[in-house]
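For reference, the chains in residue letters:
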Amino acid sequence: MINKIKTTLERVVEDINNFYIKEKHHFLTLNGLKLDEETTQIQWIFSQYGEIDNITMFYVDVKQYEVIPSVVKILPSAIISQREIVDMFGIDVEGSDKGLYLDEDSEQMPLGSCGI
Amino acid sequence: MANKKIINIPLGSQHISLLEPVKFKFACENEKITEVDSDVGFVHRGIEKACTTKFKFDAVPYVVARICGLCAITHSLCYTTAVENLLEGEVPLKAKYLRILLVELDRIHSHMLCLSHTAENAGFEAMFMQIMGDREYVMDLQEKITGNRIQFDYVSIGGVNRDITSEIIKDIKTNLKIIKAKVDEYIYEFTNNWSLSLKFQDIGTLSLDEAYDYNAIGPLARAAGLKTDVRSETNYLPYDEVGYKMQLGNTGDIHGRNIVRLNEILNSIQMCENIVDGLPDGEIFTKLKGKPNGESLVRLEAPRGELMYYIKGDGKPFLNRVRIKTPTFACIPAFMEVFKGSNYADAPAILASFDPCMSCTAK
Chain A
1 MINKIKTTLE
11 RVVEDINNFY
21 IKEKHHFLTL
31 NGLKLDEETT
41 QIQWIFSQYG
51 EIDNITMFYV
61 DVKQYEVIPS
71 VVKILPSAII
81 SQREIVDMFG
91 IDVEGSDKGL
101 YLDEDSEQMP
111 LGSCGI
Chain B
1001 MANKKIINIP
1011 LGSQHISLLE
1021 PVKFKFACEN
1031 EKITEVDSDV
1041 GFVHRGIEKA
1051 CTTKFKFDAV
1061 PYVVARICGL
1071 CAITHSLCYT
1081 TAVENLLEGE
1091 VPLKAKYLRI
1101 LLVELDRIHS
1111 HMLCLSHTAE
1121 NAGFEAMFMQ
1131 IMGDREYVMD
1141 LQEKITGNRI
1151 QFDYVSIGGV
1161 NRDITSEIIK
1171 DIKTNLKIIK
1181 AKVDEYIYEF
1191 TNNWSLSLKF
1201 QDIGTLSLDE
1211 AYDYNAIGPL
1221 ARAAGLKTDV
1231 RSETNYLPYD
1241 EVGYKMQLGN
1251 TGDIHGRNIV
1261 RLNEILNSIQ
1271 MCENIVDGLP
1281 DGEIFTKLKG
1291 KPNGESLVRL
1301 EAPRGELMYY
1311 IKGDGKPFLN
1321 RVRIKTPTFA
1331 CIPAFMEVFK
1341 GSNYADAPAI
1351 LASFDPCMSC
1361 TAK
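Protein chains in written order, with the numbering used here: chain A, 1 to 116; chain B, 1001 to 1363.
Hints should not be assumed to be uniformly reliable.
[Claimed, not checked] In silico BS3-like links for lysine-lysine, alpha-carbon gap of 27 Å or less:
1. B:Lys1287 <-> A:Lys98
2. B:Lys1291 <-> A:Lys34
3. B:Lys1025 <-> B:Lys1094
4. A:Lys63 <-> B:Lys1199
5. B:Lys1199 <-> B:Lys1180
6. A:Lys4 <-> B:Lys1199
If you're looking for bench data, these hints aren't it; they were derived computationally from the structure.
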């Protein structure tokens, strides 16, 4: 069971900051889910140490031109999954460079379109 | 005061200490590493994309098993469990026990591979060859149970593909007894051998505070004293019935990681013995009905730490999303933190002690 919490680009850093206690919560990853050609859902996923399947997910539905705020000041380990989102979905994340996974001559933003 | 001279030294993308493509760029002040950057994308294969565009959901277990030769079982099992959560029906208990058996055999040989490489990086070639030779006892068991030494397609949606025979159970008991005696010898060597101690103790340390800060997982986290193991934080598999015990360290250095892995091998052997002694009767496979509709998130403890699969389907044969979070990828920021302040000469041994898997990372 995933406890899903909808938030906004303006509030997401504050919401995660209010929620996250480092000795209690484990940051799993940042995930992207293409909803339609224009919209991608960005998910910040957490588990809880020592608890059975206690999963919390903050999510925001964003347009392709919007910039995702960085949570690296709260979650230093998020830097790597933020860069993955940039490469895979072609969405800008504050302070995250392209090129972690894909070279310049690779297919760009391979997960940035939906459908088969 | 003289200006500090910073020298940039790369490690990788191909390096003798790790025959996998990863590049760390170290800024060094004399021998001391002061800054680190990494590049992990040399073998990106687009598997997440392929899983939603080229393969139907029931073929994906065999695709994700190709992500990594070493922990193929954990990948296919994690995906399969995520799908099973969205379908109607229950996986037989015997199949769950057999799944744990394979996951734990996989953990034993993966930890042995890591330990052999760390010994090699301390210049202990004989130990490297000894452990690699002993590892064959586990590979033989995997071949007998699944048909393949590595990259086996043992798990399918609804159960497992092969039952186990009384002859195989006998072989499992014999080989595990041999490995158990070998592991006791390794623990003595890793603890008391002068050259291994000199190279590993107080080297490449991750503190408990840093483990929390960088969300460390697997043996890297447990060696630092962080009580986290997905086997105790999920209930898809009956780990509480087969004798699982979390193994913790408190030093966070290379030696601590080695000892945690060695103790985990012993615990895995114990679990495998308990499984074959108390294997339930019944079927090994149930045909589950329907197509995945909804979202599912499943975590499993791979040999290197937490593996996560997130899937989303809408009742069609092709899934909308397959998200794979692999242990090495998640630990890259923690790796970089450990390198800072270490001597460049220790970097290969530190890297080997992380047990990185670039196949998983650049899936």
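Tested hints:
1. B:Lys1287 <-> A:Lys98: With Cα atoms ~44 Å apart, Lys1287 (chain B) and Lys98 (chain A) exceed 27 Å; violated.
2. B:Lys1291 <-> A:Lys34: Status holds; Cα separation ~20 Å.
3. B:Lys1025 <-> B:Lys1094: Not satisfied, since the Cα-Cα distance of roughly 48 Å exceeds 27 Å.
4. A:Lys63 <-> B:Lys1199: Judged against 27 Å, a Cα distance of about 51 Å means the pair is violated.
5. B:Lys1199 <-> B:Lys1180: The given pair, whose Cα atoms are some 25 Å apart, holds under the 27 Å limit.
6. A:Lys4 <-> B:Lys1199: Measuring from Cα to Cα gives roughly 46 Å; hence the hint is violated.
When held up to the earlier numbered hints, the structure conflicts with 1, 3, 4 and 6 and fits the remainder.
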